[in-house]
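Peer 1: Chain by chain, the residues:
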Amino acid sequence: MGKIKSAIITAIVLAAVFVLAFFSLVSFPLAGSDGVQGYNSFIRKIHLGSDFAGEASAVLYPEGVISAADYSLAIPDDEAKREEYVGKYTKYGSVYVENDAIIDGADKFRSQVEQDAAVLNYRLSKKGYTSYSVSVEDGYAIRVAVPTNYTYAAYNENLRYSDSDLRSEELNAVTQTIQFLAYDGELSLRNTAAGSFYDKELGAYMLTPLKENPADYFKSVKKYGIGGNYAVRLNLTGHGRSEFKDISSSVMNTTDDANIRFYIGDKQLIQLSCTSVIDSKNFLIQVNDEALAEEYAIVLDSVVNGKILHFDYGTDENLTVVYSTANLGEKAPVYLGAVLLAIVLAAVIFSVVRYKKLGLVNSLSVIIFSLALICAMMIIGIQLTMLGAFAAVCGLALLMGSNIAAFEAVRRETRKGKTIQSSVKSGYKSVLSTILELHIVLLVVSLILTLVCVGEAAACGFIFFICTIASYILHWFTRFMWYVISSPVKDKWSFGGYKREVFDE
Amino acid sequence: MNKLRISARLHLFVIISCALVAIGLAVGLICHFVAGGYFNYGNDYKSYKTVTVSYVVTEYDREEVHKISSEAFDAAGVNYYGFTANGSRLGEDVVYKFSKSVSDESLQTAAAAITDKFIAGGSLNSRADFHTEQTVLGGGKALIFASIALSAAVLFQFLYFLVRYKLSAALAAFTVDLHNLALFLTLCTLTRVPVGSSVIAFAALTVLVTMAGCAFLFDKIRKKNKEEGFAALPIKEQADICARETLVTSSVLSAAVAVCAVLVFVLLSISALSVVSVLSYAVGAVLMSAVCVYGVSFFTPALYARFREIKVASKQKSARNADK
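Quick note, the sequences are listed as chains A and B, same order.
Okay, so the first sequence: first residue is 1 according to our numbering, each after it adds one.
Okay, so the second sequence: first residue is 1 according to our numbering, each after it adds one.
Keep in mind the hints are simulated off the structure, nothing from the lab.
Keep in mind that the hints are not guaranteed to be accurate.
Subject to a maximum C-alpha distance of 25 angstroms in a straight line, what follows is the list of computed BS3-like cross-link-like pairs (lysine-lysine) [what the hints assert, rightly or not]:
| # | chain 1 | residue 1 | chain 2 | residue 2 |
| --- | --- | --- | --- | --- |
| 1 | A | K416 | A | K356 |
| 2 | A | K5 | A | K126 |
| 3 | B | K315 | B | K223 |
| 4 | A | K127 | A | K223 |
| 5 | B | K324 | B | K311 |
| 6 | A | K418 | A | K490 |
| 7 | A | K281 | A | K219 |
| 8 | B | K223 | B | K236 |
| 9 | B | K117 | A | K331 |
| 10 | A | K356 | A | K499 |
| 11 | A | K126 | A | K200 |
| 12 | A | K245 | A | K211 |
| 13 | A | K307 | A | K222 |
| 14 | A | K127 | A | K307 |
| 15 | A | K429 | B | K224 |
| 16 | A | K222 | A | K5 |
| 17 | A | K307 | A | K357 |
| 18 | A | K91 | B | K100 |
| 19 | A | K429 | B | K226 |
| 20 | B | K223 | A | K429 |
| 21 | A | K429 | B | K220 |
| 22 | A | K91 | B | K97 |
| 23 | B | K117 | B | K166 |
| 24 | A | K281 | A | K307 |
| 25 | B | K223 | A | K425 |
| 26 | B | K226 | B | K236 |
| 27 | B | K117 | A | K91 |
| 28 | B | K97 | A | K331 |
| 29 | B | K117 | A | K108 |
| 30 | B | K315 | A | K416 |
| 31 | A | K416 | B | K223 |
| 32 | A | K416 | B | K324 |
| 33 | A | K108 | A | K307 |
| 34 | A | K416 | B | K226 |
| 35 | A | K307 | A | K126 |
For clarity, every value in this text was computed on a predicted model and none was experimentally measured.
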C-alpha cells in the first residue's frame, strides 16, 4: 500500500474515532441556550443498575395498617378523641394495625400478607428487572424495591446538565408499575348496559354468569408488540372461546356501551371495544405504550393463573415511591468510570510497552472497543451492574488476548527466519482456528446466558455477547490497521518490536 | 514432578471429591435448618433488619444524623453493614441495614435512643424506627435460571468436545465440568461465602476455565499422538505425560483468571470497600482456582485414561467376539 493511501485511511479512521470519542465522552452546552441546556455524552446516558444508581422503593400497607410515623402524626389533640384513636389500634413491631382489620386473628393476617408478597414477587419477576426485592416488613406490610434505571445524568443532581426529566419519568414509571402490579381481587368482566345480571352495589352488569369464574376463560395473557404498536394478547380456552362469542355479540348489540370492561377487584384495568363478534383462539386489546401493555398483561396473567392479592394496598390513592442512594455508595458511578478508565489505560500502556508502534494499533482497537460498547449500551438501554461491568472487562481481556496471541504467533514465525510479511501471514493463519473457535464458543455461552437467565445475569450475558462480536471484528481490524499503518514504514521489524533473526550459513 | 502418576489414582480422586460433596451436603442441610439457608445468601437475597432514621432536613443534616445514629449503635453494641438515604415526607430517611442475626432488643434500644436524642434536641417530628425485612427469595429465581444456563453451557461444551475430539474426551470433560461445579458449590457451602452475583460469575468462570484446561490437555494428547513412539505407550502413561506438560499452563490460567476477577471485583466495588466484601470475592476466586486446578490437572487425565481404557477394552472384546 502506498504512503498516500495509508495516510488517508489512517486519517479517516482516526477522525471517526475522535468524533465518536467526543460524543461519547464530552458533555457541552447547547448553542443558543445560554448555557442552560446542554448535551449529555453517551457515557452519561447509560442506564445504571441499583449497585450504581440506587433503587426506588415503596412500602405497601394493607387497609387498616399504618406506619408508626403516620400513627404518631395522626394522634388527635383532643383527649377523648385521642383515647378512642389509641384504642382503635394495636402496635405490632413498628406498625399499627386497626383492631377491626384482624378479626380473624393476627396470624392469619400475617400469613395473607406473606402470600401477597409472594404474588407481588411473581408479578415483578415478569418485569425483567436486573434486580428487585420484595420483603415482608414487620410482618404486616410489604416493601418493594426495584432499580431506578437512572442514567448517570439523571442520578447526579449536581451535574451541570442533570437530566431531571428522565429522573421524574423513571420514578413515574416505577410508581405506575407498582400501582398496577399491586391490584388486588379477582377478574370480572363488566358492562354498563348489558350482561348476565345487574349488580346493584357496583352499578354495572356482569357479563359472565354468577357461577362462573371469568379467569377460567383464559389460558394466558401476554404482551404483544409490532412496529411500535403495543397490545395485550388474551389466549382463550375452548370454553372461554364459546363464552366470549356470546359475550361479544351481546355487547356489540347494545347502543349505550359497546365495551367489555376488565376489572381486577373493584378497579377497571382495561376495556375492549366490540366492533365484531369474537370467535378466535385469542384477541388483542391495543394500549398506548409498551410498559402499560406489559403491566396489564402481567396482572391479568397472574390473576387468570390464580395468583390474587388478598388485600387492597391503596396504590391508586396512597402510594409513595422513594428513591434511595446506590447500594455501593453515593459516588459509586464515578468510581466505576475511574476504574474502567484505569483498566483501558493499563491495556494501552501494556500494548505500547510490549509492542511499540504495533501496540498503538492495538490500543486503537482497545479504544474503539470501549467506545463501541458505550454506544451499544446507550442505544440498546442495557442496565450496567457490577456483574455487567465485569463482563465488559472480560470482553476487553478477550480482545487483548486474541491480539496478543496473534502478535506472539508472528514473533514465533519471525524466529524461524521468515520475512515480516510472511511471518504476519503465517502467524495469523496459525491462530486463526483457535481464535475463531474461542469466539464461537464464547458467543454461544453468552447467548445461552442471555436467553436462559433472568435479571442481572441475562444483562451480563448480553453485554458479553456484544463484547465477543466486537472482539472478533476488532481482531481483524487490528490486522488490517497493522497492514495500513506499517505499509509506509521502512523498518517493519521495529514497528512491532520484533528482532530480525540472523542465521549463520 | 516427572514421576507424577495421576492416572492410576482415579479411585483416590473420586473418594476425595465424594467425601467433600458429602460433607458439603451435610453442612448445607444443617445450615438450611439452623442457619437460615443451604447457602449463605448474599445481601441481594437474604432477609435483614433495618433502623430507619427519618429526620427534618431543616433541623438536621445527614452528617449530624450519622453521628447521632453511630453513637446509639455503638452504645447498643451493633454494627450495620450498609446504609442508603432517600427522600421522605419529612425530609430524608437514612436506612441502616443490619444482619438478620442482630438482636431485636439491641436495635429497638438503638432506635429509641436516636428518637430520644431528637426529642432532646427539640425535634418532635424526627424519629427512628426498627424494622424487620423478611425477603421473599425473588432473587433466588435468578440463581435458579443461572444454574439452568450453566447446565446448558456444560451441555454445549460436551457437544463441542464431541465434534472436536472423541466421545471419551467429551465424556471426560462433561463429567469434570459437573464435578468442578459440584465441588465449587460444595466449597461455597462449607466456607459460607455469601452467594450472590459474584458467585454466579465465578461459577461461569469455573465452566470456562475447565473447558480451556480440558482443551489444552486433549490438544496436547492429540499432538503427542502424532509423535513417534507415543501412541505405543500405555494409555495411562500417555495421559500422565500430557497432564504433567499442561499442569503449569492450566494452573497459571486458573490462578490468573482468579487474580484478575478479584482485582476487577474489588476495584468495581471500591466505593463501598469493606473487608467483608473483599474477602468474599477473594475466597470465591481462590475456591474457583483450586477447584479448576484439581479438576483439570488431576481428575481429568485420570478419568480420560479410564474412559479410553474402557473404550479400548470394549473394542477388543467386540473384536474377539467377531473372531469367534
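Peer 1: A separate judgement is required for each hint: does it hold in the structure or not?
Peer 2: Hints, verified against the model:
1. K416/A with K356/A: 21 angstroms, holds
2. K5/A with K126/A: Violated - the C-alpha atoms of K126/A and K5/A are around 54 angstroms apart, more than 25 angstroms.
3. K315/B with K223/B: 23 angstroms, holds
4. K127/A with K223/A: Holds. K127/A to K223/A sits at ~11 angstroms (cutoff 25 angstroms).
5. K324/B with K311/B: 20 angstroms, holds
6. K418/A with K490/A: 17 angstroms, holds
7. K281/A with K219/A: At roughly 10 angstroms apart (the allowed maximum being 25 angstroms), K219/A and K281/A satisfy the hint.
8. K223/B with K236/B: Holds: K223/B and K236/B sit about 16 angstroms apart, inside 25 angstroms.
9. K117/B with K331/A: 29 angstroms, violated
10. K356/A with K499/A: 12 angstroms, holds
11. K126/A with K200/A: At roughly 36 angstroms apart (the allowed maximum being 25 angstroms), K200/A and K126/A break the hint.
12. K245/A with K211/A: 18 angstroms, holds
13. K307/A with K222/A: 16 angstroms, holds
14. K127/A with K307/A: 16 angstroms, holds
15. K429/A with K224/B: 21 angstroms, holds
16. K222/A with K5/A: Judged against 25 angstroms, a Cα distance of about 56 angstroms means the pair is violated.
17. K307/A with K357/A: 64 angstroms, violated
18. K91/A with K100/B: Cα-Cα ~22 angstroms, so holds.
19. K429/A with K226/B: 21 angstroms, holds
20. K223/B with K429/A: This hinted pair holds, its Cα atoms lying about 18 angstroms apart.
21. K429/A with K220/B: Holds, at about 20 angstroms.
22. K91/A with K97/B: 22 angstroms, holds
23. K117/B with K166/B: 74 angstroms, violated
24. K281/A with K307/A: 23 angstroms, holds
25. K223/B with K425/A: 23 angstroms, holds
26. K226/B with K236/B: The given pair, whose Cα atoms are some 17 angstroms apart, holds under the 25 angstroms limit.
27. K117/B with K91/A: OK: K117/B and K91/A at ~23 angstroms, within 25 angstroms.
28. K97/B with K331/A: 19 angstroms, holds
29. K117/B with K108/A: 37 angstroms, violated
30. K315/B with K416/A: Measuring from Cα to Cα gives roughly 43 angstroms; hence the hint is violated.
31. K416/A with K223/B: 20 angstroms, holds
32. K416/A with K324/B: Not OK: K416/A and K324/B at ~55 angstroms, beyond 25 angstroms, violated.
33. K108/A with K307/A: 18 angstroms, holds
34. K416/A with K226/B: 22 angstroms, holds
35. K307/A with K126/A: It holds: about 13 angstroms lies between the C-alpha atoms, which stays within 25 angstroms.
This entry does not satisfy hints 2, 9, 11, 16, 17, 23, 29, 30 and 32, going by the numbered hints stated previously.
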